[in-house]
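There are 4 protein chains.
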Amino acid sequence: MIIKMKKEATKKQYKKLEEFLESKNLEIRDVSSKLIHIFGIIGDTSSFEPEDLYAFEGVDEVTRVSTPFKKASRSFKKENTVIKFKNGIEIGSHQFVMMSGPCSVESEEQMRTIAKTVKESGAHILRGGAYKPRTSPYAFQGLKEEGLKILRKVGDEFDLLVVTEIPSADLLPLFEKYVDIIQVGARNMQNFELMKALGKSTKPILLKRGLSATIEEWLMSAEYIMNGGNEQIIMCERGIRTFEKYTRNTLDISAVLSIKELSHLPVIIDPSHAAGRWSMIEKLSLASLAVGADGLIVEVHNNPEHALSDGAQSLKPKKYLHMVDKLKELSTLLGKDFR
Amino acid sequence: MIIKMKKEATKKQYKKLEEFLESKNLEIRDVSSKLIHIFGIIGDTSSFEPEDLYAFEGVDEVTRVSTPFKKASRSFKKENTVIKFKNGIEIGSHQFVMMSGPCSVESEEQMRTIAKTVKESGAHILRGGAYKPRTSPYAFQGLKEEGLKILRKVGDEFDLLVVTEIPSADLLPLFEKYVDIIQVGARNMQNFELMKALGKSTKPILLKRGLSATIEEWLMSAEYIMNGGNEQIIMCERGIRTFEKYTRNTLDISAVLSIKELSHLPVIIDPSHAAGRWSMIEKLSLASLAVGADGLIVEVHNNPEHALSDGAQSLKPKKYLHMVDKLKELSTLLGKDFR
Amino acid sequence: MIIKMKKEATKKQYKKLEEFLESKNLEIRDVSSKLIHIFGIIGDTSSFEPEDLYAFEGVDEVTRVSTPFKKASRSFKKENTVIKFKNGIEIGSHQFVMMSGPCSVESEEQMRTIAKTVKESGAHILRGGAYKPRTSPYAFQGLKEEGLKILRKVGDEFDLLVVTEIPSADLLPLFEKYVDIIQVGARNMQNFELMKALGKSTKPILLKRGLSATIEEWLMSAEYIMNGGNEQIIMCERGIRTFEKYTRNTLDISAVLSIKELSHLPVIIDPSHAAGRWSMIEKLSLASLAVGADGLIVEVHNNPEHALSDGAQSLKPKKYLHMVDKLKELSTLLGKDFR
Amino acid sequence: MIIKMKKEATKKQYKKLEEFLESKNLEIRDVSSKLIHIFGIIGDTSSFEPEDLYAFEGVDEVTRVSTPFKKASRSFKKENTVIKFKNGIEIGSHQFVMMSGPCSVESEEQMRTIAKTVKESGAHILRGGAYKPRTSPYAFQGLKEEGLKILRKVGDEFDLLVVTEIPSADLLPLFEKYVDIIQVGARNMQNFELMKALGKSTKPILLKRGLSATIEEWLMSAEYIMNGGNEQIIMCERGIRTFEKYTRNTLDISAVLSIKELSHLPVIIDPSHAAGRWSMIEKLSLASLAVGADGLIVEVHNNPEHALSDGAQSLKPKKYLHMVDKLKELSTLLGKDFR
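Residue numbers (full-length UniProt numbering), protein chains in the order written: chain R, 1 to 339; chain D, 1 to 339; chain F, 1 to 339; chain V, 1 to 339.
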C-alpha cells in the first residue's frame, strides 16, 4: 500500500498514522521527494480497506499495490485449476465445454425435447433455470423445486450433468441433492452470505460476473467461496452494463484474458445474456473460443417464441446445431477438445 | 408497449406474434406508415418483458411505454407516503429527518458516546452496522447479534429509533425484534428473495439504491416489497458508480426529484457513502436539503481514525454538530422541520 | 510514480527499466518487501504516461501519485482564481453569478424578449447558442455569425455580458470580436487543437466537462489552455453520462467540491443540460448554490415549445423569475452576493 | 416517434402539441387505451430531437422508433459498402485487412524497420501517428507534417498504403496530399466541424468510435460525413470506457455485429487501444476475425520500450509475425482472404 500525504500534513498527523500502522504490524518505508511525501506500507493489509486510511487527517491518497484476493490469484497458485466430473468432462483443461439448454425449466416434456438436441450436439451439460430471479414480481418466477427435479430426471435420462441457479443460501441442501454445478446469478455476485454458504458446498460453483462488477470484485467473490473451503469455481462472463442499448449488455471478451492473467480459475462465456439477441450468438461463441475461454453456457429452446422467459436470446435447435458444427471445426484448429 | 416490425417481416411472422398477444388478452392497434410498421399493444403486459418479444422473428424493436412498477408509482397513489413513528418522527412529510451514527457498532461504550452526540444534535434516529457486508472476506464483518443488542440498548437509553442493515432473509426475526427501520444495502437491492421476505415485515424498510441501478430498477425492488404487503419504504440514494474516482461514488442528487416525480415514496440521501470523503459531507448535506430530500443518513464517529470500517467518510462530532447547525438554518428558510 | 514489478521479472528487465528512468533524470527509490517488488520514481514524469511503462517486460503495475495537471492545481496556486469583468461581475469570489438565455439564438426579437427577462431578474450575463453542434446533420445548426452579431447587439442594448459556444479553432477571431466569455462544449472538451488555440485568447473560457470525462481529464484540458497562456478558465459541470435514463444526464454535484479541492479555478453548474427536464431546474439550482458553486448557466425561453433546440430543458420567464427569487433568499443566508 | 401524454394533460396542451406536429407536416395516429394516452407520429422527424417535445406541457415520454441515421443505415442500402484501393485491397468484402505499424512516427529509420516487418507479414497498409492528441500538453505531440512526409515516403518505398490520424479540419489539404486513409480519433468522433470537412474529402475515412459513444451516435457521425458527400467510411471499434481498470478500455466485440445489422459500412477492430496490454493482442485479434470484423489496426514497434507513446500496447515484430500466422490459418478456415 502506498500513502501520499498532503503537503500541509502536520507532525502530529504523521504520528497518528504511524501509530496505527505499527499497531497493525506494518512496516513503513519512506519514498518522499522534496515535492511529494509518500510512503510505502509493507505487510499484511487485508484487515482494512485503502479507503479507511482517508480517515486520518493529512492523508491525501492511498493506493493498493497488491491484489486484494489471495487464494484466487495466479501468484498464489501457478497451475490452472481444472474442475473434473465423473463423466470425464474437465473445465479448465484442453477441453472446450458446452453447457446448453433453455432459460427456464418449463415442463418435463420441454426439457426432454431440448436435452435430446443438447445430447445430439455432443455436449455434456444441460442448463435450465428452476428459480428465476426477475426484475418484476409479476413475471414468471420458475417452477422451483419441481424444476430441480425435472432437471435432474432429464439429466439422468440423457446422461448429462446439470447446472442451475441458486437464489438464496437456505436452498443449498436442495441444490446439493439435485444439481451438479451450482450457478450464482449476476445480481447475487455480491450476496456475501450466499458466498459464505457456497464455501461449504461440495459442488462446483459457476460464478457469474455482476452487471457492473470489476474483475477485482468478481475475484473477491470467488475468494469468499474459496475462503470457506470450496475451491471449485468456474468464472462466467455474461456481459456488463454499458451505455450501449442495441445489445442487452456488452460482452467483455477480454475478461477471459484478464482472469487467465490474474487467476488460475477457469472462465467461460455466456453469449446469450451478453447480447440478448439470438442473431449474435454463433459469432460471439466463435469469438469466445478464439479468445481462449474454457467453455460456453448457451440458451437453446425448441420454441423460443413461447418461452416463459428470455426467448429473445435463445437459439432454435437447428441454429444451435449449426453453431456447434462451426465450434467443432474451430476447436480442432485451435487444438481444443469440444465437449 | 410499442412494437416495430422489420421491413422484411412475413405474414406468417405477423400472425404468430398476433396469436401470442391475443393469448395474453392484449389488444393490438396499428400505427404503421408506409415506411415503418408499428403497432401498439393495449392491456396488462406485466407478465412478460419487452425483450421476450424479440424471440418472434420479424420483430425489430419493442418499447415499453407504461412504467413496469404499479404500487410504487405516483399514478397509482397521488399523495406522498408518510412513514410515521411513535415518537412523532415522520419521513415523507414536512420534516427533514436526520439518521446518524457510526458505520459499525463496535462496542457499547462507543455507541453511547456517539448516541450522546446524535441526541445533542436534535436528531432522533441512530444508525450503526451490526452485520457488515464487506468486499473482502478478511475484513471485519460486524458484531452481528451482539451489535443488534447494543444498538437497541443504547437506542432505548437515549430514546432514539434505530436503523441497521440486514444481510439475508433468515435473520429477519432478529431484526424484527431489535430494530425500528430495516436497511437493505446497495449490493442486496436485487436480492429478490430478501425483498420477498421484507414484504412480510411489519417494519419500515430503508431501501438503498444499487451501485449501478437505474431508478426504474430501484422502484421495481420497492415494488417487490410492496407486492408482499409492506408499503412502508424509504428510498435512499447513496451514490452510483461512475468513471470518476476522486469521490468513491457519484451522488445522483437529481434522483430525489426523479423519485418524487415517479413515485409517492419518501427519499433520503446518504452523503457519506456517496462521497467517501468527510470533507464533502456538510456541503452535500446542504444540497440534499435544498433539492428536497426527506432526510439524511450520515456517518458520525468519535474516533474515525480507529473505526473498524469506513472511517474515511465519518464526521467527528464537532464537525457533525457544525453541519447540523447549518442544516437547521436552511430548514427554517425552506419551511422544513429539522428532526 | 510507483512501479510494481512482476515476481518473475529478470535482472535484465530491471536494468532496462532503470536505464530508461535514468535517461529521464528520474530518481529511483526501492520500497520492496519480501513478497512484492516496488519502487518509487522521483522527479518530473510529465513527458510520459504511466501506461507507457507497461511496454517494459517485468513491469506489473504503474500508479501515478502526483496529479498530472500543474498550473490548474491547488498546490500550484493556493488562492482562488477570480475572473473579473468590467461591469463588476466576478466569478470565483463571493458572488453567485447567473448566466441565462435561450439554448439557440433564433432572432433579434426573441433575444430581446428574453434579455429583458434576464435583466429584470438581476442577472448580468446573457447566453445563447449561435453555432449549435447537433448529433444529427439534419437538425438546426444555428444562425452562426448572424447569431453572434445578434447576441452582441442585444447584450449591449441591455448592458449584459455575453457567452456562447465556439465550434472550432478557425472561428476564434470572430468570437474574440463579438463575445465576452467563450464556451467550449462538452463534446469538444478533448479537442486539443481547440484548447491550444484558446490558450492564445484574451477572453475567459467556460470549459464544459465532457460527457464521460473524469475530473482529472477535465482539469487536463484546462491545463492545455493555461499552458498556452490563458489562465482565465471557468469550469462548468453539465451532467455526465450514466445508466440512468429518466434524466438526460446525471448532475455530478460533488464535482464542484472536487474541483475546489484539486484546483483554484472557479466552477459553475448547468442544470438545464444535466437534467434535460425543466421541472427539475429550480431545485437543482438551489442545490448548486448550497453546495458552493460559483454560479449557474441556465436556459430560459419565452416560448420553449417552439424553440429550435432543447426546449425541454428551458424555463419560461415566470418560472425563471420564481427561481431567481428563491436563489436570492438562499444567497443571503449563505453570505453570497447574487448577480 | 411515439408520444405518451401525462394523465393530467389538458385539452389545451394536446392542441398545442398537435399544432406543432401539423406545422411539421406530420401525421398523428392515436393508440390510446383507457389507462394510457399515446399517439404515433408518422413522417420525417429528422429536424428535431425527441427531447425537444418535452418542452410541451402534458408530454410524458417520447420514443424514437426509426433510426436517426439514414444514409448509413442497412435499410437505406442493402449491400455491404466495399472500400477499394488501387492495389487490390478491399475493405468490406471477403478480405480480412491488416493495418499495422507504430503508434507514432518517430523517424524515417524507425518507420523503415517496421514497414519491413509489416510487408514481410503480408499486410498492405502501414499505420503511424504524425499528429498525436495527448491528454497532457507536456507529452510528445508527434512529428506533424514531417511525420506525414516520412509515412508517405516509407509507404511508397514498400508499396504500402498509409493511414494516420487527422487532428483538425484545417489540416485536411495536407492529409489529402500524403495519406491514403484518413483516421478520426476517438476523442474527435463528435467534432462535427471536422466531420463536415471530411464529407468533402476524396479519401476513405477510418472513423474510430468515441470512448463512451453509443453505436447510434457513432453511426450519426458517419452520417455527417456521408451527408457531405463522402460515403467511403470504415468504422473502427477501439474499446469503450467501462468500470474495468485492468484493461485500458473494454473491447466491445459485439459492436461488429451491431454495425453489420444496422449498417452497410465495413467495420474493423483496434485491439491495441482496446486492451492497452500487448499480452492480449493476439487473442483479441483472433476473436475479432472470428466474430466477423473486416480487418484490424494493430500497433507494432521494433522497440516498444523506447516508443514515444503507447509502447505498452505495441507488439514486437516476432510476436506480431506469430500472430499473423495464426490469423492466416483462421482466415483460411473461415473463408476469408488475409491481406
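Accuracy of the hints is not assured; some may be wrong.
Identical copies look the same in the list; a pair holds intra-copy or inter-copy alike.
[What the hints assert, rightly or not] Keeping only pairs whose Cα atoms sit at most 27 Å apart, straight-line, the calculated DSS-like set for lysine-lysine is:
{"no.": "1", "residue 1": "Lys-203", "residue 2": "Lys-70"}
{"no.": "2", "residue 1": "Lys-319", "residue 2": "Lys-15"}
{"no.": "3", "residue 1": "Lys-71", "residue 2": "Lys-196"}
{"no.": "4", "residue 1": "Lys-15", "residue 2": "Lys-78"}
{"no.": "5", "residue 1": "Lys-34", "residue 2": "Lys-15"}
{"no.": "6", "residue 1": "Lys-119", "residue 2": "Lys-86"}
{"no.": "7", "residue 1": "Lys-24", "residue 2": "Lys-6"}
{"no.": "8", "residue 1": "Lys-149", "residue 2": "Lys-196"}
{"no.": "9", "residue 1": "Lys-144", "residue 2": "Lys-119"}
{"no.": "10", "residue 1": "Lys-196", "residue 2": "Lys-144"}
{"no.": "11", "residue 1": "Lys-144", "residue 2": "Lys-200"}
{"no.": "12", "residue 1": "Lys-71", "residue 2": "Lys-15"}
The hints are simulated quantities; they were obtained by calculation from the structure and are not laboratory data.
Comparing the hints with the structure gives:
Taking the shortest Cα distances, Lys-203 and Lys-70 sit within 27 Å of each other inside one copy (21 Å), while across copies they are farther apart (40 Å). When the C-alpha separation of Lys-319 and Lys-15 is checked against a cutoff of 27 Å, the pair qualifies only between copies, where the shortest distance is 22 Å, while the shortest distance within a copy is 68 Å. Only within a single protomer do Lys-71 and Lys-196 lie at most 27 Å apart by alpha-carbon distance; the minimum there is 15 Å, versus 34 Å between protomers. Proximity of Lys-15 and Lys-78 under a CA criterion of 27 Å is satisfied inter-copy only: 26 Å between copies versus 40 Å inside one chain copy.
For the identical chains of this complex, Lys-34 and Lys-15 are neighbours both inside a copy (20 Å) and across copies (26 Å), given an alpha-carbon limit of 27 Å. Proximity of Lys-119 to Lys-86 under the C-alpha cut-off of 27 Å is restricted to the intra-copy arrangement: shortest distance 17 Å within a copy versus 51 Å between copies. In the homo-oligomer, the alpha carbons of Lys-24 and Lys-6 lie at most 27 Å apart both inside one protomer (22 Å) and across protomers (26 Å), since each shortest distance falls under that limit. Taking CA atoms no more than 27 Å apart as the test, Lys-149 paired with Lys-196 passes in both settings, with 25 Å inside one copy and 24 Å between copies.
Proximity of Lys-144 and Lys-119 under a CA criterion of 27 Å is satisfied intra-copy only: 24 Å inside one chain copy versus 48 Å between copies. Taking the shortest Cα distances, Lys-196 and Lys-144 sit within 27 Å of each other both inside one copy (22 Å) and across copies (15 Å). With identical chains, the CA atoms of Lys-144 and Lys-200 are at most 27 Å apart both within one copy (22 Å) and between copies (20 Å). In this assembly of identical chains, the alpha carbons of Lys-71 and Lys-15 never lie at most 27 Å apart, being 34 Å within a copy and 31 Å across copies at closest.
When held up to the earlier numbered hints, the structure conflicts with hint 12 and nothing else.
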